[in-house]
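Since the structure of chain A is provided, determine the placement of chain B on it from the hints.
There are 2 protein chains.
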Amino acid sequence: MLYELPTPGFSFELIATLGHARAGILHTPRGDIPTPVFMPVGTAGTVKAMTADELRAEPLDAKIILGNTYHLYLRPGMEVMAHVGGLHKFAAWDRPILTDSGGFQVFSLSGINEIDDDGVTFRSHIDGSKHRLTPEVSMEIQRVLGSDIAMVFDQCPPGDADEKVHEVALARTTAWAKRCKVAPHAEGQAVFGIVQGGISVERRVRHMAEITALDFDGHALGGLAVGENLDDTYRILDEVAHLLPAEKPRYLMGVGTPADLERGISAGIDMFDCVMPTRNARNGYLFTEGPRVNIPNAKNRLDLGPIDPTCPCSTCKTHSRAYLRHLYLAKEILYARLATLHNLTFYARHVRRLRERILVDGKRA
Amino acid sequence: MLYELPTPGFSFELIATLGHARAGILHTPRGDIPTPVFMPVGTAGTVKAMTADELRAEPLDAKIILGNTYHLYLRPGMEVMAHVGGLHKFAAWDRPILTDSGGFQVFSLSGINEIDDDGVTFRSHIDGSKHRLTPEVSMEIQRVLGSDIAMVFDQCPPGDADEKVHEVALARTTAWAKRCKVAPHAEGQAVFGIVQGGISVERRVRHMAEITALDFDGHALGGLAVGENLDDTYRILDEVAHLLPAEKPRYLMGVGTPADLERGISAGIDMFDCVMPTRNARNGYLFTEGPRVNIPNAKNRLDLGPIDPTCPCSTCKTHSRAYLRHLYLAKEILYARLATLHNLTFYARHVRRLRERILVDGKRA
Numbered sequence: 110m111l112y113e114l115p116t117p118g119f120s121f122e123l124i125a126t127l128g129h130a131r132a133g134i135l136h137t138p139r140g141d142i143p144t145p146v147f148m149p150v151g152t153a154g155t156v157k158a159m160t161a162d163e164l165r166a167e168p169l170d171a172k173i174i175l176g177n178t179y180h181l182y183l184r185p186g187m188e189v190m191a192h193v194g195g196l197h198k199f200a201a202w203d204r205p206i207l208t209d210s211g212g213f214q215v216f217s218l219s220g221i222n223e224i225d226d227d228g229v230t231f232r233s234h235i236d237g238s239k240h241r242l243t244p245e246v247s248m249e250i251q252r253v254l255g256s257d258i259a260m261v262f263d264q265c266p267p268g269d270a271d272e273k274v275h276e277v278a279l280a281r282t283t284a285w286a287k288r289c290k291v292a293p294h295a296e297g298q299a300v301f302g303i304v305q306g307g308i309s310v311e312r313r314v315r316h317m318a319e320i321t322a323l324d325f326d327g328h329a330l331g332g333l334a335v336g337e338n339l340d341d342t343y344r345i346l347d348e349v350a351h352l353l354p355a356e357k358p359r360y361l362m363g364v365g366t367p368a369d370l371e372r373g374i375s376a377g378i379d380m381f382d383c384v385m386p387t388r389n390a391r392n393g394y395l396f397t398e399g400p401r402v403n404i405p406n407a408k409n410r411l412d413l414g415p416i417d418p419t420c421p422c423s424t425c426k427t428h429s430r431a432y433l434r435h436l437y438l439a440k441e442i443l444y445a446r447l448a449t450l451h452n453l454t455f456y457a458r459h460v461r462r463l464r465e466r467i468l469v470d471g472k473r474a
Numbered sequence: 110m111l112y113e114l115p116t117p118g119f120s121f122e123l124i125a126t127l128g129h130a131r132a133g134i135l136h137t138p139r140g141d142i143p144t145p146v147f148m149p150v151g152t153a154g155t156v157k158a159m160t161a162d163e164l165r166a167e168p169l170d171a172k173i174i175l176g177n178t179y180h181l182y183l184r185p186g187m188e189v190m191a192h193v194g195g196l197h198k199f200a201a202w203d204r205p206i207l208t209d210s211g212g213f214q215v216f217s218l219s220g221i222n223e224i225d226d227d228g229v230t231f232r233s234h235i236d237g238s239k240h241r242l243t244p245e246v247s248m249e250i251q252r253v254l255g256s257d258i259a260m261v262f263d264q265c266p267p268g269d270a271d272e273k274v275h276e277v278a279l280a281r282t283t284a285w286a287k288r289c290k291v292a293p294h295a296e297g298q299a300v301f302g303i304v305q306g307g308i309s310v311e312r313r314v315r316h317m318a319e320i321t322a323l324d325f326d327g328h329a330l331g332g333l334a335v336g337e338n339l340d341d342t343y344r345i346l347d348e349v350a351h352l353l354p355a356e357k358p359r360y361l362m363g364v365g366t367p368a369d370l371e372r373g374i375s376a377g378i379d380m381f382d383c384v385m386p387t388r389n390a391r392n393g394y395l396f397t398e399g400p401r402v403n404i405p406n407a408k409n410r411l412d413l414g415p416i417d418p419t420c421p422c423s424t425c426k427t428h429s430r431a432y433l434r435h436l437y438l439a440k441e442i443l444y445a446r447l448a449t450l451h452n453l454t455f456y457a458r459h460v461r462r463l464r465e466r467i468l469v470d471g472k473r474a
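Residue numbers (the working numbering), protein chains in the order written: chain A, 110 to 474; chain B, 110 to 474.
One chain only, chain A, in its complex shape (with noise of 0.2 Å):
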């Protein structure tokens, strides 16, 4: 079934389902992206230690990377942004982009923040100065950046939040959607509206109402993964996920493991995003269809075997264990790029494999 979404351009087709997982393709002017996807994350403008050719290249082969509107808004900020026509250019990244508001960055990254009913007012992570996002300058922001999706700016309260900040959360994300729904947006650029609630059911559906109500051109669940159980996180996604509107994208905000992806598609996600796989990867933690490797290891100091020798990436099919844990220990630059690039392999085949199961013993859409 192919859907037509709001923006002109994006449609959604569903191809096939398996219980609540759905295979599908997101249509947009950018390009296809088969669904379910992994998008690596590229918060300042490279998704970290990787070029536009080695994401493009297979078996990687990354048909949409995330951009944050926070870290490219304080650096290197709107004028450079405006005077470059936008992340595409500015990155050499010609597939589709989605950003985030900025809204998450701004309550965990940055110092001192005060939140009103119109907005946020923080400080630069960097230098300290001083500046206020609202939903109008979020838009705006995303708007310059060029975005092939943007998202909404909402609250996004931590896991331990008591019910009177959910509560609080709640309204103004719906009031901040319906704002950042008659902003400007860029030329075919679409926006996602963010279902927040902690981890009560009955908020999350209550809330999912008001969100669903504005005709987005497809839904996120956001404050999942930011510090409750994780009982917690998956009992939500169960309950949760495969009520979002079917007939449009569905996208969990900044999640997670291996394990996660796949509990996010059988509930029904559509789209993932994390900096697990790349900074895990800087890290010294890498992984494979076995046990995760964590290359300092001293067992891997004579291993002249593969991180995994059922991967395709360059940097299975070309090093050893041995060599990466050197250059880890040595501090090279050239272990994060084999590192990173060995990790987002293993995230994009891990979801392209769960598809694959979607088509094959699913049920045709």
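Errors might be hidden in some of the hints.
Copies of one chain are not kept apart here, so a pair can be met inside one copy or by any two copies together.
As the list claims (entries may be wrong) - DSSO-like, lysine-lysine: derived pairs with alpha carbons at most 27 Å apart:
id, residue 1, residue 2
1, LYS440, LYS287
2, LYS198, LYS440
3, LYS440, LYS239
4, LYS472, LYS408
5, LYS239, LYS408
6, LYS239, LYS426
7, LYS198, LYS426
8, LYS198, LYS408
9, LYS273, LYS440
10, LYS408, LYS273
11, LYS273, LYS290
12, LYS239, LYS472
13, LYS290, LYS440
14, LYS408, LYS287
15, LYS287, LYS426
16, LYS287, LYS472
Simulated from the structure, these hints should not be mistaken for lab results.
Positioned in the frame of chain A, the structure of chain B alone reads:
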């Protein structure tokens, strides 16, 4: 003219000369090296930030890289290097490698070192552990590394050393060269002698006679660009380089700027290495046909042009100065990659152009 070198499989083909400048080919079992040549420095088993594929690809097309005996001996260490079967396999580099002897690093990098006629005792710059290098140990390490060209273990006095230090160093370097000559080498491993003597032409010529008498496969000028005035460096180059045996390759160790390379080539040098292109790249200094670019400079902030519009490297074909400046300021790993690729490409093209000039304007050798 094709000159067989003492080590089987190695020969030096002198094609053309222009004044003292020479264009040729150093034939080795692992491939031909057109000379003059600049050798990128791969200190610890990697040319920093680069993959072997990138080094091999046009337009960089590095025909030979350097490995550092001191660094590789300390980390990953000889057990690893022996187990993996040498540096080529370890680093997945199938073209020639030249290894230095470790002497220069022992004197410049390590903690307290004690030098005697037998060798040098020193402390690791990594963990302070105590080690001893002798001519035999250096050759044994280079044998295990399996480099295509090994360098003799020499004593390199600093630029401000006095007469007495120089004379002792000369005598030692000659005695050590003899010991290196008879020490076991790897199969198909050439060995180059090193001429010391500081900035005295008389000492250089005297030492040259001692070293060239030992029938090495090539000769290096060591102990230049170690703190002396540039005028003195150039004077020694001009007066000494062309006196080295014409039928063997001549290597100027650890030098230098693009201008130094041009001067060295004019003086009759065939081979160069230096960390300048790679280290400068990481520090924000980028070479161009015009003035050197200091990438963090504010004037690059909105500059949509490449580092050098005449450069065919993928960095210049793909990315703007504005993007590179942003990556540099954000301390992104991608910056080091893109900048290093550019600077190495600049050096490779610079030397290739000088070679072409000798071939075109020079006379057949």
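In ascending order, which of the hints set out earlier in this document are inconsistent with the structure? 1, 4, 6, 9, 10, 12, 13, 14, 15, 16
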